[in-house]
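Novice: So the chains spell out like this:
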Amino acid sequence: MRLIESRWLAVASLLSCLALFPTGAQSTVQPRYGGTLRVELHAASVSLDPREWKAGTVEFATNEKMGALVFDRLVSLDNYGRFQPQLAVEWSHDASFKRWQFTLRANVKFSDGTALSAWEVAAALEPLLPKGQQISTSANTVVIQSVAGIPDLLEELASGRFFVYRVQVDGTLTGTGPFFVAASSRGGAGSADSATAPGKSATGPQGSSAAGMTHLHFRANEGTWSGRPFVDAIDVTLSVPPLRQLFDLQLGKADLVELSPDLVRRAMQENLRVWSSAPVLLYGLRFSEGQPSATKAELREAIALSLDRQTMANVLLQKQAEPASSLLPQWLSGYAFLFNMETSPERAKEIRATLPAGVATGAEPLHLRVDPPGDLAKLLGERVVVNARQAAISLQVVSRTPLHSGSTATASSSEPAAGLHLFAWHYASLSPRVELESMMTTLNFGDSREAELSSTDPEQLYEREKKLLDEHRILPLIALPEYAGLGQNVRDWMPARWGEWHLADVWLDLPSSGPAAADRADPAKTPVTQPLTQPMGAKP
Amino acid sequence: MGFLFLCGPAARADSLEEAARNFARKVTSLLPSHNSVSLSVRNLSSLNAEQISHFSQVVEGEIQSRGHKISSGDAAGVLLRVTLSENPAGLLAIGEVVENGQSRFTLEGFSLAEVPYGGSNSKKVTLSRELVWKQQDPILDLKFLRSDGQKKERIAVLGINALSLYEGQEMSWSLVRSFPIPRSEQSRAPRGQLFQLSENGHPRLIADFPKLICSIDLGGALDSMNLECNSSEQKELVGLSFLTAGPFLLDNAAKWDSSGSYFTGEIYAESGIRLHIDPFFSSGFLALKSGEPPAVLVTTGIDGRGRILDKDDRQLLSFKDWGSQLITMHSSCDDGWRILATARVDRTGSDGIMAYQFEEHDVIALDQPVAMPGPVLSLGSEQVPSDAEFAGHHDGAIAVVRNLKTGEYEAYRISMACGR
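So the sequence lines, in the order shown, correspond to chains Y and E. Residue numbering for the first sequence follows my numbering, beginning at 1 and increasing consecutively. Residue numbering for the second sequence follows my numbering, beginning at 1 and increasing consecutively.
FYI, nobody ran anything at the bench for these hints, they're computed from the structure. Misleading hints may appear alongside valid ones.
[As the list claims (entries may be wrong)] Some chain Y residues flagged as far from chain E (calculated, every beta-carbon gap over 10 Å):
id: 1; residue: Ala44
id: 2; residue: Asp78
id: 3; residue: Gly81
id: 4; residue: Asp112
id: 5; residue: Gln291
id: 6; residue: Ser333
id: 7; residue: Glu364
id: 8; residue: Ala504
[Unchecked claim] Derived coverage of chain Y by chain E (criterion: at least 3 residues anywhere in the stretch with Cβ under 8 Å from a Cβ of chain E; other residues may be distant):
id: 9; stretch: 29-41
id: 10; stretch: 335-346
id: 11; stretch: 372-379
id: 12; stretch: 424-434
id: 13; stretch: 482-493
Since the structure is predicted, the reported quantities are computational estimates derived from the model, not experimental observations. Glycine is no exception: its CB is placed at the ideal position from the N, C-alpha and C atoms.
Assemble the whole structure, with the sequences as input and the hints as a guide.
Specialist: Now the structure itself:
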């Protein structure tokens with residue numbers, strides 16, 4: 001049974017003329033190639049231009065998920081807290097963490113087949129980097145420098161908007177990621193208004209934003225440096241209401257849906273696969289100077305003591321949220337457990353009694369403006385009003401005319417001035433310093449001179465956050481995870497606990513024979529370069 | 001400008017002990033001098049109980065060395081609450097000193113260095129697992145090399161981008177040589193395996209990937225060893241992989257599919273194509289009776305079915321619910337063959353390895369599965385399969401696992417007793 005190697009020369013010559021044969025393959029445990037992953041999102045639009053993304057918004061998180069399909073970062077953080085090379089294969093820094101040097105991976109190509117250069121990396125990151133950080137290039141390296149030390153630069157670059165892209169002549173963006181946008185459409189899945197073949201061109205949808213689009217169709221980038229993704233394509237349907245998403249998952253019309261918190265229990269009762277992230281969305285209150293009474297420290301403290309976060313999390317949210325005592329969650333800061341938000345309506349009443357009679361009374365209520373859209377924010381706002389009333393504080397929810405969606409929506413001039421705002425904040429960075437700084441700047445609380453945090457020392461970050469909370473200018477309410485519903489055929493679902501989906505690693509455990517499977521293989525029926533009848537498991 | 005650190009993947013610094021000492025020094029500065037302290041430690045991190053215990057001991061020792069007495073219960077005037085926590089950047093040690101109802105905090109961030117594992121080679125007498133090697137980068141295969149004429153035992157670790165040779169040193173392995181592998185393509189489910197061939201009397205270690213084949217002449221001196229690679233489809237063995245019976249390399253080879261994730265089912269003999277069977281992920285030959293040549297083929301199909309084909313290529317048996325990986329093992333006790341196969345989980349679940357025996361036209365499970373700490377990514381013989389006469393003393397299997405708790409890749413020796 002032994003082998004003499006030289007005889008295999010004859011065998012090798014036979015290989016090139018043999019074709020693959022179709023199989024009746026079914027489920028298995030080894031990852032398989034093929035199929036289209038059908039995703040449904042609640043968002044009405046998606047922007048694939050990281051320069052446009054607004055920090056802290058829910059839209060940011062959706063854009064980031066879609067951006068991760070198309071773009072790569074210099075580094076990533078794995079689920080075990082280790083930085084992994086992406087477009088950068090090595091990195092180093094000086095003793096003061098002011099100068100970082102990244103050696104770029106060789107032979108990386110954009111999805112249109114053109115090579116990635118160091119200056120393109122610098123051109124992409126330059127508008128994304130915070131003020132004070134400069135980027136330059138040298139041969140196959142990029143250097144990021146700052147006057148202040150940035151020991152958390154890797155956390156910063158491994159998250160948020162720090163994707164590498166190239167702006168095309170027509171203004172669209174292309175990336176080196178595992179997928180590229182093959183088509184976007186306004187009507188049914190078949191009415192694609194742009195489609196490109198792999199290797200020819202790889203642009204985003206018309207413009208860099210998919211506003212008004214109902215479908216986005218991503219196709220696998222065959223030449224990506226990180227290895228061809230398992231699925232052939234990802235079909236994303238936008239503007240799908242939460243209940244419809246749940247039904248589509250049940251009926252097998254979708255493989256991955258967003259689950260709103262109020263539907264999680266129902267999905268679990270119906271034995272659907274439900275995934276939840278770490279808490280990534282914070283709802284809170286912030287005081288502004290819109291009404292003079294909001295500047296009174298005693299009133300702020302009384303409102304803080306009146307809030308019943310347990311009821312909000314356990315009753316309103318049916319235990320799908322956590323009461324929040326800190327601005328940054330435990331998984332991000334590591335020290336959040338040190339904070340404790342006291343609830344004491346009695347003490348709140350006592351403090352209220354010390355205030356002048358006209359402050360926050362029925363005649364002159366403190367106006368609460370609910371900034372984020374949606375029923376959940378409205379419900380939370382109403383609950384805050386009820387809690388405050390129990391402490392003899394009069395709050396009134398004022399109507400909101402959004403000029404644009406998002407948690408930082410501004411009021412129109414016809415609205416009454418509000419001294420209290422309910423906000424939503426979606427965490428985007430893996431650096432606690434960056435996140436806290438971004439929160440302070442965007443939500444406009446704390447001393448603006450202190451918004452630029454110079455230290456990543458956890459002790460100093462803790463002191464900074466403690467000071468902000470002690471002033472009661474900002475009051476965390478609850479923190480929510482993201483929920484996703486998964487189809488029974490979705491395999492190797494290995495998202496990051498902070499919400500990244502990692503869809504390039506997902507594969508579909510599907511039968512491949514029969515016309516139904518052919519339809520399932522590419523429901524969008526967008527132009528493709530390969531026949532749909534190829535066997536499952538065969539990489540095109 | 002001098003750079004202090006050169007970091008590849010997963011840069012880590014300090015040891016746990018060093019971190020504990022640093023933290024203890026910091027927290028001691030908050031303690032009133034020469035007072036008795038009540039110490040409590042809680043864990044909100046991913047450190048295990050042993051690590052927490054070690055950390056606590058070091059902190060306790062350091063505090064005592066600075067003149068403080070550790071006492072239990074409420075007798076102490078000062079409470080010191082230590083919490084081990086973590087965030088994306090690493091671990092946090094948080095100390096809360098409570099005195100007269102007032103709390104003061106100190107926080108110290110740290111990360112842990114890799115602790116090299118010192119493996120041993122002792123044999124087991126039941127179906128069991130034993131950690132041989134672990135690392136952060138993916139392992140495609142690990143094999144004990146044939147030890148003829150060598151004083152020290154060697155293992156070869158095949159990674160995605162390097163083939164590394166290690167030599168046994170007391171209770172650990174030390175790196176002898178590492179050869180970069182020139183890969184032009186990456187895969188999200190990479191596969192590769194090691195075997196050994198003789199060429200003009202020289203043993204060559206072969207690293208076989210779906211579209212690339214590399215080899216090293218093991219007969220030469222270490223310093224002069226070179227890794228030669230070829231990805232040309234016209235080169236012999238590129239796109240093919242030898243079939244094995246335990247550590248025996250057979251004169252049959254299977255063709256990789258174009259994605260490199262499974263075998264198409266075309267089996268080649270020296271003279272060309274031999275047979276055409278259902279596509280499979282892994283395979284192994286065995287003999288049904290003692291003394292017979294291993295001519296019965298077992299495969300794990302990509303349809304989730306296991307299949308057994310006799311020497312005339314007739315299907316003897318087909319059964320459901322096996323995983324992707326199997327290996328056949330020859331027991332030196334009863335000269336019989338067994339099958340080790342993985343369970344049906346994807347890469348997010350903890351796997352198990354089960355031993356089977358072919359009896360009376362059926363496959364019988366021999367024992368409870370050996371639980372593994374993550375999905376089994378590859379399963380192969382412990383000894384590098386060779387076309388030469390089997391002369392090694394490693395008759396077990398090697399299972400490569402991704403530990404779901406740590407994220408590390410671990411190679412386990414799977415040993416099986418006979419006579420059950």
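Novice: Each hint needs a verdict: does it hold in this structure or not?
Specialist: Structure-based check of each hint:
No beta-carbon of chain E comes within 10 Å of the beta-carbon of Ala44 (chain Y); the shortest separation is about 31 Å. With a least CB separation of 6 Å from chain E, Asp78 (chain Y) falls inside the 10 Å interface cut-off, contrary to its annotation. Chain E draws Gly81 (chain Y) into its interface by the beta-carbon criterion, the shortest separation being 6 Å against a cut-off of 10 Å. Against chain E, the non-interface label of Asp112 (chain Y) holds: every CB pair exceeds 10 Å, the least being about 19 Å.
Taking the minimum C-beta to C-beta distance to chain E, about 35 Å, the non-interface status of Gln291 (chain Y) holds against the 10 Å cut. The Cβ of Ser333 (chain Y) does not lie farther than 10 Å from every Cβ of chain E; its closest approach is about 6 Å, which violates its non-interface assignment. Here Glu364 (chain Y) stays apart from chain E, with its beta-carbon at least about 39 Å from theirs, past the 10 Å limit. A cut-off of 10 Å between C-beta atoms contradicts the statement that Ala504 (chain Y) is not in contact with chain E; the least separation is 7 Å.
Only when three residues or more bring their CB closer than 8 Å to a CB of chain E does the claim for the stretch 29-41 of chain Y stand; here the count is 5, and the claim holds. Residue count for the stretch 335-346 of chain Y with a Cβ under 8 Å from a Cβ of chain E: 3. That meets the three needed, and the coverage hint holds. Beta-carbon proximity to chain E at under 8 Å applies to 0 residues in the stretch 372-379 of chain Y; the threshold of 3 is not reached and the given coverage is violated. For the stretch 424-434 of chain Y, the stated coverage by chain E is satisfied: 3 residues place a CB nearer than 8 Å to a CB of that chain, which reaches the threshold of 3.
Using a Cβ-Cβ cut-off of 8 Å, 3 residues of the stretch 482-493 of chain Y lie near chain E, which meets the minimum of three, so the contact claim holds.
Consistency with the previously given hints fails for numbers 2, 3, 6, 8, 11, ordered from lowest to highest.
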